[in-house]
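Undergrad: Per mature numbering (1 follows the signal peptide of the UniProt record, and there is no 0), the sequence shown runs over residues -19 to -1, 1 to 338.
Check before you lean on any hint, since a few could be wrong.
Listed next, the in silico EDC-like pairs over lysine to aspartate or glutamate satisfying Cα-Cα at most 16 Å (straight line) [what the hints assert, rightly or not]: (1) K9 with E41; (2) K90 with E100; (3) K166 with E323; (4) K145 with E209; (5) K216 with E241; (6) K307 with D245; (7) K28 with D245; (8) K145 with E14.
Listed next, with one range per pair, are the computed distances between beta-carbon atoms [said to hold, decoys possible]: (9) T4 with E130: 50 to 56 Å; (10) A93 with T174: 36 to 42 Å; (11) E71 with D21: 23 to 29 Å; (12) E100 with S7: 50 to 56 Å; (13) D139 with K216: 19 to 25 Å; (14) G29 with L189: 36 to 42 Å.
Hints are computed from structural coordinates only; laboratory data are not their basis. This one's a predicted model, so the numbers in the text were calculated from it and none came from an experiment. Note that the Cβ used here is the ideal one computed from N, Cα and C, for glycine as well.
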Amino acid sequence: MIRKALIFTVCLASLPLQARPWTNSSGKTIEAEFKSLDGDVVVLEMKGKQYRVPLSSLSEEDQEFARNAAKDTEKDSAEAPSSEPSNPGEWKINETAVFTGKISQVTLKLSAENAEFAEKGNKRWRKKVAEENPNPWLAKMHDGKAITECTMQIGLPDGFDPSKPTPIFIVYVSADVKTHNQYSKAYWNSCKTNNTILLSVDSIPDTLAGFNTPNMMAMTKECLQTLEKTWPGAKTWPVMVGGFSGGAKYSQWMSALLSEDGYDVRGLFLGGCNGCFFEYAVDGLRVNKRTYRKIKCFMSAGKKDNLVNESHRNSVASAAEEADCKDTRLELYEGGHGLHKEHVAEAIKWFLIPEEK
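All chains, please: the whole structure from these sequences, using the hints.
TA: As structure tokens, this is what we get:
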């Protein structure tokens, strides 16, 4: 059902020519552009962002319009030259084959722009952290080595179609794991069952060099920019960022940095997190505090987690609320310090609910 929160006034002069009113079963109306019909879900675009709305939640007239529009789109696609890969389920990223329903790995060379970003960031942010934050862990995060290459791990869900907006979940992990690509596989089933791309990145040949804020940002940008070159339109796809323990800490500021870089970051998943770094993102990395207003925060913690007690959970939740996160949830599960995969799947679904206004 289209949520009541989607009721807002849009200046018709600013809307694309294809925009039209859409009314749900409760009589509430929004202005949006039809993009596609994905099974029983209508993909609508408003103000440059795309949302997935259940077909059954719309009025009968709008359901009929969506079906007819989808048929017209299919007809146009059938008449146009095919851009599909020669082998079903196979795609090429920088000449490397990647497959739907599987996790693949692609080696990327950092662009001159991203390599320069990492180099300057190590100098600028390292000095800022040393001056304003005595935390030795953060200092180490800005004492990185120069990097020129990385490996992108990407999982494409079954039925992946780049003509339709596909959400992206970017995973970060603790430095003691030594490689993002190794542990991020724990998120794959949650992504696959929710038609979401899994993405993680490691520096090469030294993976530990990637556990550094500017290097991590440069590599992540390289991955996302590569997807944009491969599938035009990917820049607008919804992005979610998350991790467990130390990876959850990194995710707090990486989500904001990516949002400020123009990506549609919808959600932040914090699993087993006992540290608050929202303030560090704002004060140390100069992220605009209003950035967090666009991002939902889902916290997941075990009731028997000795490393993340009730005080830790409450302090992180309070920090997220003080950072003005769009919405914050704290969910508990029976267990200790370990990733709760059911919460990952639940978080993805929650992040992708059309934004509230």
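Undergrad: If a hint holds in the structure, say so; if it doesn't, say that too.
TA: Outcome of the hint check:
1. Taken as a hint, the K9 and E41 pair is honoured in the structure, with Cα atoms around 14 Å apart against an allowance of 16 Å.
2. In summary, the hint linking K90 to E100 is supported, as the alpha carbons are separated by about 15 Å, within the 16 Å threshold.
3. For the proposed pair K166 and E323, the alpha carbon gap of about 14 Å is at most 16 Å, so the pair holds.
4. As the CA atoms of K145 and E209 are separated by approximately 13 Å, the hinted pair is consistent with the 16 Å bound.
5. Note on K216 and E241: the hinted pairing holds, with a Cα-Cα distance of about 13 Å set against a maximum of 16 Å.
6. For the hint linking K307 to D245, the alpha-carbon distance of about 14 Å falls within 16 Å, and the restraint holds.
7. Our distance criterion of 16 Å between C-alpha atoms is met by K28 and D245, whose separation comes to about 12 Å.
8. In summary, the hint linking K145 to E14 is supported, as the alpha carbons are separated by about 14 Å, within the 16 Å threshold.
9. In this structure the hint that T4 and E130 lie 50 to 56 Å apart at CB holds, the actual value being about 51 Å.
10. Range check, A93 to T174: about 39 Å between beta-carbon atoms, so the 36 to 42 Å window is met.
11. The hinted range of 23 to 29 Å is satisfied by E71 and D21, whose Cβ atoms lie roughly 27 Å apart.
12. Checking the proposed 50 to 56 Å range against E100 and S7 shows it holds: the Cβ atoms sit about 54 Å from each other.
13. Judged by the Cβ atoms, the range 19 to 25 Å given for D139 and K216 holds: they are separated by roughly 24 Å.
14. As the Cβ distance of G29 to L189 is approximately 38 Å, the hint placing it in 36 to 42 Å holds.
The earlier numbered hints are all upheld by this structure, with none contradicted.
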